[in-house]
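Novice: So the chains spell out like this:
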Amino acid sequence: MTSSVLVHAVAVARLPSFDVHAWRSELLERLTAGLRVVTLYGRRSHEKEGTVIITAVLQGADRSLQVLRTCVDAQLGYHELTTERPALHCFERELHEQTGLRVAAHPWLKPVRFQGQAQAAMNDYPFYRIEGKEVHEVAVGPIHAGVIEPGSFRFMCQGEQVHHLEIQLGYQHRGVEARLLQLPPARLAPLIETIAGDTSVAHTWAYCAAVEQLCARELPLEVEVARAVALELERIAMHLATLSGLAADIGFLQGATSYGRLRTTAINTLMLLCGSRFGRGALRPGGTGMSLSSELLPQVLDNLELLRVDLAIINDCFLSARTVRHRLREVGVLSRERALQLGVVGVVARASGVACDARDGVSQGAYQVQPVALCTAAEGDCFARAQVRIAEMDASLGWLSIMLARHPGFARSRPPLPALAPGQLVVSIVEGFRGEVVHCLETGASDTLVHYKVQDPSLRNWMGLALAVRGNEISDFPICNKSFDLSYCGHDL
Amino acid sequence: MSLAVALNLAVLVVLPFVLTGVINRVKSLWSGRKGPPIFQLAYDVRRLLRKTSVYSSTTTPIFRLAPLALFVCSLASALISPLAGVPPLLSFSFDFVWLAYLWGLGRMALLLAALDTGSSFEGMGAAREATFATLLEPALFLVSGSLCAFTRSHSLHAAFALHPHDGASLLAWAAALVALFIVVQVEAARMPVDDPTTHLELTMIHEVMVLDHSGVELAAIQVASAVKLLVGTSLISSLLNPWSQQAPLLAAAASVGGSLLIAVVVGTVESLIARLKMRAVPQYIVVALGSGVLALLATAWSSGGVP
Chain A
7 MTSSVLVHAV
17 AVARLPSFDV
27 HAWRSELLER
37 LTAGLRVVTL
47 YGRRSHEKEG
57 TVIITAVLQG
67 ADRSLQVLRT
77 CVDAQLGYHE
87 LTTERPALHC
97 FERELHEQTG
107 LRVAAHPWLK
117 PVRFQGQAQA
127 AMNDYPFYRI
137 EGKEVHEVAV
147 GPIHAGVIEP
157 GSFRFMCQGE
167 QVHHLEIQLG
177 YQHRGVEARL
187 LQLPPARLAP
197 LIETIAGDTS
207 VAHTWAYCAA
217 VEQLCARELP
227 LEVEVARAVA
237 LELERIAMHL
247 ATLSGLAADI
257 GFLQGATSYG
267 RLRTTAINTL
277 MLLCGSRFGR
287 GALRPGGTGM
297 SLSSELLPQV
307 LDNLELLRVD
317 LAIINDCFLS
327 ARTVRHRLRE
337 VGVLSRERAL
347 QLGVVGVVAR
357 ASGVACDARD
367 GVSQGAYQVQ
377 PVALCTAAEG
387 DCFARAQVRI
397 AEMDASLGWL
407 SIMLARHPGF
417 ARSRPPLPAL
427 APGQLVVSIV
437 EGFRGEVVHC
447 LETGASDTLV
457 HYKVQDPSLR
467 NWMGLALAVR
477 GNEISDFPIC
487 NKSFDLSYCG
497 HDL
Chain B
1083 MSLAVALNLA
1093 VLVVLPFVLT
1103 GVINRVKSLW
1113 SGRKGPPIFQ
1123 LAYDVRRLLR
1133 KTSVYSSTTT
1143 PIFRLAPLAL
1153 FVCSLASALI
1163 SPLAGVPPLL
1173 SFSFDFVWLA
1183 YLWGLGRMAL
1193 LLAALDTGSS
1203 FEGMGAAREA
1213 TFATLLEPAL
1223 FLVSGSLCAF
1233 TRSHSLHAAF
1243 ALHPHDGASL
1253 LAWAAALVAL
1263 FIVVQVEAAR
1273 MPVDDPTTHL
1283 ELTMIHEVMV
1293 LDHSGVELAA
1303 IQVASAVKLL
1313 VGTSLISSLL
1323 NPWSQQAPLL
1333 AAAASVGGSL
1343 LIAVVVGTVE
1353 SLIARLKMRA
1363 VPQYIVVALG
1373 SGVLALLATA
1383 WSSGGVP
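The listed protein sequences correspond, in order, to chains A and B.
Residue numbers for the first sequence follow the numbering used here, so the first one is 7 and each next one is one higher.
Residue numbers for the second sequence follow the numbering used here, so the first one is 1083 and each next one is one higher.
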């Protein structure tokens, strides 16, 4: 395969079968050996009533993926792993919510997104409480002052200082995963693009890569490059949006307006290529909806040059302003230990000194012929996250100019796909602008899907935000929130 | 109606709206945009006056009375201020005490109204406003007192017409300018202390206290804030005005020009720097307090001992 993204396929029948105790100890053993958990999810078994099939995907230091699977009685369940491995907390909560599986002794089995019947009880669900005379609670949301997505934030404060923040999400739950199983597997792209509207390219690429793997379809490098161009343009546009928002939140007018203006240039460039400013229709299984003709090329290159020149000026203005530094340094610190413990991904992890990027070290495709620089920072504060975003935009712009010089054109292509291979499990990982987007597809006996698991990086990073805010002033929360810039609908599905 | 009264009234009616408009326009120009009309605040007020007010069921009559109290206090403080570089509408001995406590009274009304809503946001805003005001009030007194000592007068109008003539008075004059500029920034809820354009409740100071107000009450609060901004800028403008003893029209023109200039400076500061951390705001206000102390020391220097 020539996929530029990490894709791993296994035949379900050939997976080693563990009983739940062996699975649990095997999982812990591999995590202790230094493997990283990519995802852990479950589904109710169709074959055996009352049982749940749990799948854990792990990644080794060499970037290879491993799958550990078990089948467990829903009533008996298993003993929780969150206390030992906090990185699993969101997965175990989701597992319990989606399958009803008993996760014994779990410290806080609150639903992740209140799907189905639980939605009615959303307002009654308990928040953590802290008792004390000087403790006061501040509830923010779920309806916010800005035109943003809904999410409920409950702060436990002592004066201006935040002791604890609990984030309750799920207001955007639409039943995406269930809906994905109701449509023909090769025609899901328009739905996938709406999982998180600002990450449509990354999600669609993860879907396309998985489907192409299931069809054993090889793609020419030209198509891979076109997809990577869209992904990098999306990254630049969304980093610009985040930085513009961050500058606005600290009242730094020049940054807010300049980054905001440049974002329009970035998304307009994407529109030149695929007809949509948000990358809708840019990718389709087996091909691409983008075309770059020789007439269009100068326009695209001009836009990139404008971005390069103007970004250099405003980046310097933003990074060298003492008031900006004063405002963002040592605010919302997520230490490297915490980041590793929680398993946060993407920009947040890299700003805390964890070098993880799904584009790094791929053995084939667009990022292999021209690697993108891995950008990290050590401090883990709001300033570090802004720095990483700025460095990544520069890296992406550099990559785009090199690749567009080598591949100055690509054409729309949508070849028909063969049927999906039955009995396969495919995991694909794409580095979106927030972090790794993970899609897991499983085909049944025929060529239909029996399970589609979508994982946005936000699912893992929200807890990072909650912990980064601890001990900070409550007035600094909006800045922390913006520097993480997580998705609500990507989390809520 | 004498010329002075007419000038004062004209400035009082027009300039509060213009100053706010100028600040916003300056910010827009710095960020490469056209910006709203100069009289946008007036249009907003007209719109708000036509709307009905909405009251939360947890509030009491305090909530309805507070905006009125704030409005009256602001207007009353404008009566004793040298708005147009000519003698103000009202002037009497030690009227600067009146100014400080009119502002204090208006603030207290707003704090009570904020607490009256029972909202955690407004409670936080009220706590912040009260903390910062506590630091600001002594600065205002120290400056006013020192200027009175230098000009051997007891009224705002006379005291703030100080023209430096020796080292000590120059020091007091400069210290007063610094302190007053910070007073204006804090009282008018401008950057780097407060961000009047933010939508983030958790970071607000002044704006969060008026979140629940609507209609006529909100209009009253907005006008009161604009009038306070005018009073603050007119005090600075009065210190800067070289023609305050000249013909009324010339003095008035210089005074209005000075106020507009200060609005431009406020807008420019707001455009070029980020907002301070909440924790650092008291330190910034202490600069005003320090300047007030400096003005007091200059008085002692000039009179050869404690005045």
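What the hints contain is simulated information worked out from the structure, not anything from laboratory work.
Where is the CB? At the ideal position from N, CA and C, for every residue including glycine.
Mixed in with the good hints, there may be bad ones.
What follows is a set of in silico ranges between Cβ atoms, one per label pair, in the way DEER data are often shown [what the hints assert, rightly or not]:
(1) ASP1248(B) to ILE136(A): 57 to 63 Å
(2) HIS169(A) to VAL1136(B): 31 to 37 Å
(3) LEU1354(B) to ALA384(A): 25 to 31 Å
Over 12 Å on every C-beta distance to chain B, these chain A residues come out as not near it, computed from the model [to be verified]:
(4) THR57
(5) GLY66
(6) VAL146
(7) HIS150
(8) ALA151
(9) GLY152
(10) PHE159
(11) GLY165
(12) GLN167
(13) LEU310
(14) THR329
(15) VAL360
(16) SER369
(17) GLU385
Novice: Would you mind marking each hint as holding or not holding in the structure?
Specialist: These are the hints, each one checked on the structure:
A C-beta distance of roughly 60 Å is found between ASP1248(B) and ILE136(A), which places it inside the suggested range of 57 to 63 Å. A hinted range of 31 to 37 Å for the beta carbons of HIS169(A) and VAL1136(B) is consistent with their spacing of about 34 Å. Separation of LEU1354(B) from ALA384(A) is about 30 Å and conforms to the stated range, judged on CB atoms against 25 to 31 Å. The claim that THR57(A) lies off the interface holds: its Cβ sits roughly 46 Å from the closest Cβ of chain B, which is beyond the 12 Å cut-off.
Here GLY66(A) stays apart from chain B, with its beta-carbon at least about 42 Å from theirs, past the 12 Å limit. With a closest Cβ-Cβ approach of about 7 Å to chain B, VAL146(A) is found to fall inside the 12 Å limit, against its non-interface label. Not every beta carbon of chain B lies more than 12 Å from that of HIS150(A), the smallest distance being close to 8 Å; the non-interface claim is violated. Distance check for ALA151(A) against chain B: the nearest CB is about 4 Å away, which does not clear 12 Å, and the non-interface claim fails.
The claim that GLY152(A) lies off the interface is violated: its Cβ sits roughly 5 Å from the closest Cβ of chain B, which falls inside the 12 Å cut-off. A cut-off of 12 Å between C-beta atoms contradicts the statement that PHE159(A) is not in contact with chain B; the least separation is 9 Å. Against chain B, the non-interface label of GLY165(A) is violated: not every CB pair exceeds 12 Å, the least being about 8 Å. Remark: the non-interface label on GLN167(A) conflicts with the geometry, its nearest Cβ contact in chain B lying 10 Å away (cut-off 12 Å).
At roughly 21 Å, the least C-beta separation between LEU310(A) and chain B is larger than 12 Å, which holds for a residue marked as non-interface. At roughly 4 Å, the least C-beta separation between THR329(A) and chain B is not larger than 12 Å, which violates its mark as non-interface. For VAL360(A), the non-interface assignment is confirmed: its Cβ lies about 27 Å from the closest Cβ of chain B, beyond the 12 Å cut-off. The beta carbon of SER369(A) is kept farther than 12 Å from every beta carbon of chain B, the shortest such distance being approximately 44 Å.
Separation of GLU385(A) from chain B is adequate, the least Cβ-Cβ distance of about 17 Å exceeding the 12 Å criterion.
Consistency with the previously given hints fails for numbers 6, 7, 8, 9, 10, 11, 12, 14, ordered from lowest to highest.
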